[in-house]
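Engineer: Reconstruct the complex from the two isolated chains, following the hints.
As you go down the protein sequences, you meet chains U and L in turn.
With my numbering applied, the first sequence closes on residue 663, and no number is skipped along the way.
With my numbering applied, the second sequence closes on residue 345, and no number is skipped along the way.
To be clear, the hints were calculated from the coordinates, so they are not data collected in a lab.
No residue lacks a Cβ here, since even glycine has one placed at the ideal position from N, Cα and C.
Interface residues of chain L toward chain U, partial, derived using beta-carbon atoms under 8 Å:
id, residue
1, Asn79
2, Asn128
3, Glu148
Straight-line alpha carbon distances no greater than 30 Å define the calculated DSSO-like cross-link-like pairs of lysine-lysine that follow:
id, chain 1, residue 1, chain 2, residue 2
4, L, Lys209, U, Lys642
5, L, Lys209, U, Lys638
6, U, Lys549, U, Lys607
7, U, Lys638, L, Lys216
8, L, Lys77, U, Lys599
9, L, Lys77, U, Lys553
10, U, Lys582, L, Lys77
Some chain L residues flagged as far from chain U (calculated, every beta-carbon gap over 10 Å):
id, residue
11, Ala115
12, Ser117
13, Glu134
14, Glu135
15, Glu160
16, Asp168
17, Gly171
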Amino acid sequence: AVLKKRLVKLVVNFLFYFRTDEAEPIGALLLEHCRITKEEENVFSISFVEEPERKYCFECDSKEQCQEWIEALKRASYEFMRRSLIFYRNEIQKMTGKDPLEQYGISEEARFQLGTHKQ
Amino acid sequence: MKLNERSVAHYATCDSPADHAGFLRKRVERHHHHAHHHHATSYQRRWFVLKGNLLFYFEERESREPVGLVVLEGCTVELCEAAEEFAFAIRFDDAGARAYVLVADGQAAMEAWVKALSRASFDYMRLVVRELEKQLEEACKSLAACCKSPRRSSSGRKRHLSNPALLPLQEKPAVLENGYSTWGSGSGVPGGAACPDRDGGHAKPPPLPPRRRSAASSTVGSPVPGISPAMPESPVSPETACFSKLHSWYGQEIVALRREWQERQKMGHL
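Okay, chain L solo, but in the shape it has when bound (with noise of 0.2 Å):
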């Protein structure tokens, strides 16, 4: 199965800020067919890094590329039975997926990855997100009501709703109609704004890209005010079986992937 693997490795080693990262060991899963002879469990230690809903793996924190990448969708994180201390398992809802079971330093360290990957999927997010855009969907129009109705000004410390002109309405973030998430760099020229190295973003949090003003961005339309409606239901359905299948694809090291093909070239197979 294909994937664009170097945007994949350049997400995953980019700049923009890791939601977690740390060093964990992971078990090594054997085939199938193995399963009647008795092999010892091992680890292999690998620096993890969760951006999103992706969960990469490196051989070395050093790695220019990961090894390996996990999905965390159609999963459950949940604390293992394993032989070792501080070991927590990442099980998917498709039976036939493999399941990674990963061995923290020490309880706290546990925790977190536990906390942080229980949280990572791209349908908590979204969740979230219709959650807050219905909250400041009420917000405004309890305070759209309030308006309506005379009220004296206040003295000018009261933060939030008394004093009409104070209404961050007037904000439309370019960010909600620019699909070009680039961290750090307002640009949405092309070959512009590649991933930046220069400041890191470490000083301050992304800037709101400026809206685009090229003909390629023609197509946004209006901009998404502050308040938008729901935003339109996307064509998704989540379906982990296609996830287990790039699972099992990236899952398998890399290097022992190529070596194979290298062994079945060599052998004249197809």
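Bound conformation, chain U alone (with noise of 0.2 Å):
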């Protein structure tokens, strides 16, 4: 495989790639359902659910940075960050009986919601 050398930004849940001496990405991926993968030595891959064999492949230049990637971008989903606040809201909802979101008046958004919202 030939790998090119890109300039890779993460902005939210989108990761844009750039050829080195461009303004404009080239492409971008969005990073949801995806799985993201430690390959070989400073190899970390993106793959889809739907299409789990076809990866996207990027090299890093130090074991750190490959962790630091990997790390930022196993977070990067939207659909993570709803988990997360969901986790969040349970807990302190179960160890203060108060439900954290009431002060935000955001309690009845179906996107907070444990369990499937109507639409």
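Structural biologist: Now the structure itself:
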């Protein structure tokens, strides 16, 4: 496989990639329903639920850089954050008896519910 | 600009619950060089689906792939002074980006959409998560302080602070370390966790994925405990310029785009 040098930017749940001397991205990956895997030395890959054999591989300059990216990318999806929020909300509620989202007036929002939300 | 379209379309259409959905009429935007000509404003009825910070729109409710995508970052959602009633607009901080003018069926629908869209950004979610993380840390600290001093155990009815044995801190949800956000499926095995159509996740909340034991997960390291320190700062800086490009690419209905490419190919342009 040919590796091309790219500038890679994680912006919310998108991974943009650029040719190193260009200001506009040449592509993007939406990071939802994806899996980040450590491959061989300094390499990680991103693959998606519906096509798990297709891997987008990235080689880093160091073991540390590789680990940093893996950690960041694993937390990059909106869905990951949503689950974290639901978890924290639940924990706080169990410990304090209060729903922490009430003070923001968002406790009824569909996106924060434990169960499925109706449309 | 390339995009992992197939994955995007899959995310848009799979059974993971939408945060909001419904028909809206979308104003057709004219290109700038047409600005001098008077075109009657027209609207197209589309099926819109909001998932997280992404607003997808489809030609039909049953369409298998979206014809457009709006990334809701760096934008404001506001009521609109259009000739149409129940109109609202999504406008971006990036001045060059196109706005989206949408028309709902009625007052209630419009209000519901504006509310859902204005809280849809990733940044907003992140803010709330960080706030809750802090609150949980504080709750745990004050609980720990309470436990140090001798306490009579309660009659057992109290839900929270009295009985240390009930502390939920032992639960370490694997969800915090699992970047594999499968909906309804517990498996982290490649190929084994396609977005489920089985129960469609209707009856119950998504189960927490079990800790992956495969070698691929070995880099996860120690489990993130319930009271983790603030999540490490990811190298993120919201830049709407990138999204404008994505919008203008995706915003031109894909069909039109393909047609253009085909014409250009025919004419021998590269």
